[in-house]
Amino acid sequence: MLLRGTDRAALAVALVDRLRRAGLPTGLTEAGDLVHALDVSPPLTVGALYWTARVALVRRQPDLAVFDEVFAAVFADAPPLPLTRASGPLVARRDDVHVPVPAQAGDPADGGGLPWATLPPAVAPADPTDSALATPERRPSALAALAELPFEDLDASQTDQLGEALRATLTRWPTRRTRRQAADPSGRRIALRPTIARARRTAWEPVALVRERPIRRPRRAVLLCDVSESMRAQATAYLHLMRAFTLVADAEVFAFATTLTRLTPALRHTSATEAVARAGTLVTDRFGGTRIATNISAVLNSHHGNALRGALVIVASDGWDSDPADQMDAAMARLRRRAHRILWLNPRAGAPGFIPSVAGMAAALPYCDRLLPAATFHDLTRAAHLLQEVGG
Amino acid sequence: MNSAEQVRTRLDAVDYLVDDGLAMAMFLALRLGKPLLLEGEPGVGKTAAAKALALVLETPLIRLQCYEGLTAGEALYEWNYQRQLLAIRLAEARQEKLGDADLFTAEFLQERPILRAVRHRGPTPPVLLIDEIDRADDEFEALLFEFLGEAAITVPELGTFTALRPPVVVLTSNRSRDLHDALRRRCLYHWIEFPAPARAAEIVRRSVPGATEPLIRSTADFIRRVRGLELDKAPGLAETIDWVSALSALGVTDLTDAAVVSTLGTIAKTPDDRTAVALAAHQETP
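Listed in order, the protein sequences are those of chains H and S.
The opening position of the first sequence corresponds to residue 103 in our numbering, with each subsequent residue numbered one higher.
The opening position of the second sequence corresponds to residue -12 in our numbering, with each subsequent residue numbered one higher.
No lab work stands behind these hints: they were computed from the structure.
Every value quoted in this text rests on a predicted model; they were computed, and no experiment measured them.
Careful, some of the hints might be misleading.
[Said to hold, decoys possible] Coverage of chain H stretches by chain S, computed from C-beta distances (three or more under 8 Å per stretch; other residues unrestricted):
1. 137 to 143
2. 160 to 167
3. 274 to 285
4. 397 to 407
[To be verified] Taking lysine to any residue and the SDA-like style, the derived pairs with C-alpha atoms no more than 20 Å apart in a straight line are:
5. S:LYS220 <-> H:ALA432
6. S:LYS220 <-> H:ARG440
7. S:LYS38 <-> S:GLY109
8. S:LYS220 <-> H:THR396
[Stated by the list, open to error] Just a few of them, taken from the derived set where beta-carbon distance is under 10 Å, the chain S residues facing chain H:
9. ALA(-9)
10. LYS21
11. GLU26
12. GLU55
13. GLN69
14. LEU72
15. ILE75
16. GLU126
17. ASN161
18. ARG162
19. SER163
20. CYS174
21. LEU218
Think of the CB as a built atom: it goes at the ideal place given N, C-alpha and C, for glycine as much as any other residue.
Kindly produce the complete structure, drawing on both the sequences and the hints.
In structure tokens, the structure reads:
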């Protein structure tokens, strides 16, 4: 017997706590499950304990690696890993009831020397360093003028502001018909349930017929952005575009240079600056070479490939590809068969006398519905609005 | 069943082979009475797991195939409106008074899979398979919460039905869409890995009793290599079983180029894959 005389609850809570600190969204439900599971299946070996804990505590496939690491740190003979978060300060999760209060070494007066920590005062003193909030509102005309500038002439705060403005203008989105129905007087089908319910008022004579029609939903979008060396000037602006799409249309977004990185969860953060910074740390091969065809195939082959079915696919790249052109041709043909519409954003397409003669771009072009310029925020906004007519 | 090992032995008896992880997941799902969410590549045996579980427990399998727009009317229950209208006309003809209580009774209630699982009367609870939950939309997930949490369904007109013995619930997903955390929280989770060649060969041996040993070994090996290629749809276990069945139906005893090409349709499902697999067969078989 592996855990004779162990306090199962304490073990479960301690393990859950370690998993939470490693960034897994485990909670009380999972801890309770583990206690029950240890009760019905007392583990004889570490292997059995591993499976019991894994089935009870982990609820999604990407978390398995983290779980394995934490489990190994606790139960294997290896020295314990530092279980701190890799990036950034500790951010409160949605279900976090306890507010983490960081110990302040230089300011012991707040707690009054008591052995517990009190919450910081609700009204924080004005922070003179927080200049982003203090910046006066820019007039729309000033922003409009900035939007005409190419990305490389903008500084970081201007890019942030324009990114926010771009998100704000994305209000309408192409829709698709779903198989779900909703009541609507102009519908074709008669909704039986509400019709009978209404007939109650008319002595069960169905006088007023309730009609229904299919609901329309925002069409799914998948965005693939090139962040290689040749796209250095555009990379941050494109991260803002990707963030706008994830927030407005629940899009799946990927960045690529030589390898593919999924940025959807990172870019959902409410603060634009924070989201873009997080995405920046996730992409490890930033400003390297480009392998467009390989990365398009990688999306198609991953389980996110199913998200491409019937979706609007937007590829943002200059088309400089180190993969052979016939590979690009094959990948784009596959993408074409799955996607509803393909749009290609090219920062060079707006230049006078532009001809898509780069091998990768030329190979991809026959499969694209539109090739759009994307060198300024104005271009990006226009492209976002074009989606409405292209993707409906 | 008292241990994961016992689950594995019982499943073995119905020719469904499981590894330690899946055995533990099924055992805990049975003992804790929690739904089990299975994820894994297509064709790795997620649906078959639920079928095997029903066989072992000697209980009916109730299956709900998910699709977009699936509503309470197709998954939980529906009123038989035609019969209600007839009853109204009949009451009219007989000059009787008809109230709500007369129209919304069990007589007019049509059971759909989930309500059928809840109202199942029998010595053992049924196995309910909610297949490919990722194909349904978010609204449908929300419909399931009451059932997954309490094994109960509320019909507003009649009241709440609670299962005498909570059904064994297996959900499967291909991860084409991220499931909501609220759904995941209510389930135990297991990720089914694609089995190693030796286990894959053993599974094929059980599924296709007529196949010869060298054929099984060479096909399992070939499939392992094909899965390493860049394919649109890599062949899973289900395809491997189909393929070996096809080969043994044709009386093939060892894998030749010609044999692979003639049965290519069982493992390669797109024109591009057909070319790639045929090329691999050409290079690697005599």
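Results for each hint:
1. Check result for the region 137 to 143 of chain H against chain S: holds, 4 residues qualifying (beta carbon to beta carbon below 8 Å, three or more required).
2. By the rule of at least three residues with a Cβ nearer than 8 Å to a Cβ of chain S, the coverage given for the region 160 to 167 of chain H holds, with 5 such residues.
3. With 4 residues having a Cβ less than 8 Å from any Cβ of chain S, the region 274 to 285 of chain H passes the three-residue criterion, so the hint holds.
4. Coverage of the region 397 to 407 of chain H by chain S holds in this model, with 4 residues showing a Cβ closer than 8 Å to a Cβ of that chain against a need of three.
5. Taking the CA atoms of LYS220 of chain S and ALA432 of chain H, the gap is about 15 Å. The hint holds against a cut of 20 Å.
6. At roughly 13 Å between alpha-carbon atoms, LYS220 of chain S and ARG440 of chain H fall within 20 Å of each other, so this suggested pair holds.
7. Among the hinted pairs, LYS38 of chain S with GLY109 of chain S is consistent with the structure: their alpha-carbon atoms are about 18 Å apart, no more than 20 Å.
8. With a C-alpha separation of about 16 Å, the suggested pairing of LYS220 of chain S with THR396 of chain H holds against the 20 Å cut-off.
9. With its C-beta approaching chain H no nearer than about 6 Å, ALA(-9) of chain S sits inside the 10 Å limit, and its interface hint holds.
10. Restraint check, LYS21 of chain S versus chain H: the minimum CB separation of about 7 Å is within 10 Å; hint holds.
11. Interface restraint check: GLU26 of chain S against chain H, minimum CB-CB distance 6 Å, threshold 10 Å, status holds.
12. Because the closest C-beta pair between GLU55 of chain S and chain H is about 5 Å apart, less than 10 Å, the hint holds.
13. With a cut of 10 Å, the hint placing GLN69 of chain S at the interface with chain H holds, because the nearest CB-to-CB distance is about 9 Å.
14. Interface restraint check: LEU72 of chain S against chain H, minimum CB-CB distance 8 Å, threshold 10 Å, status holds.
15. Here the hint on ILE75 of chain S is kept, as its CB sits about 4 Å from the closest CB of chain H, short of 10 Å.
16. This hint holds: GLU126 of chain S has a C-beta 7 Å from the nearest C-beta of chain H, less than the 10 Å allowed.
17. With its C-beta approaching chain H no nearer than about 7 Å, ASN161 of chain S sits inside the 10 Å limit, and its interface hint holds.
18. Contact between ARG162 of chain S and chain H, as hinted, is supported at the beta carbon level, the nearest pair being about 4 Å apart and thus within 10 Å.
19. Proximity of SER163 of chain S to chain H holds as hinted, the smallest CB-CB distance being about 3 Å (cut-off 10 Å).
20. For CYS174 of chain S, the interface hint holds, since its Cβ comes within 10 Å of a Cβ in chain H; the closest pair sits about 7 Å apart.
21. Proximity of LEU218 of chain S to chain H holds as hinted, the smallest CB-CB distance being about 8 Å (cut-off 10 Å).
Hint check: no violations occur; every hint is consistent with the structure.
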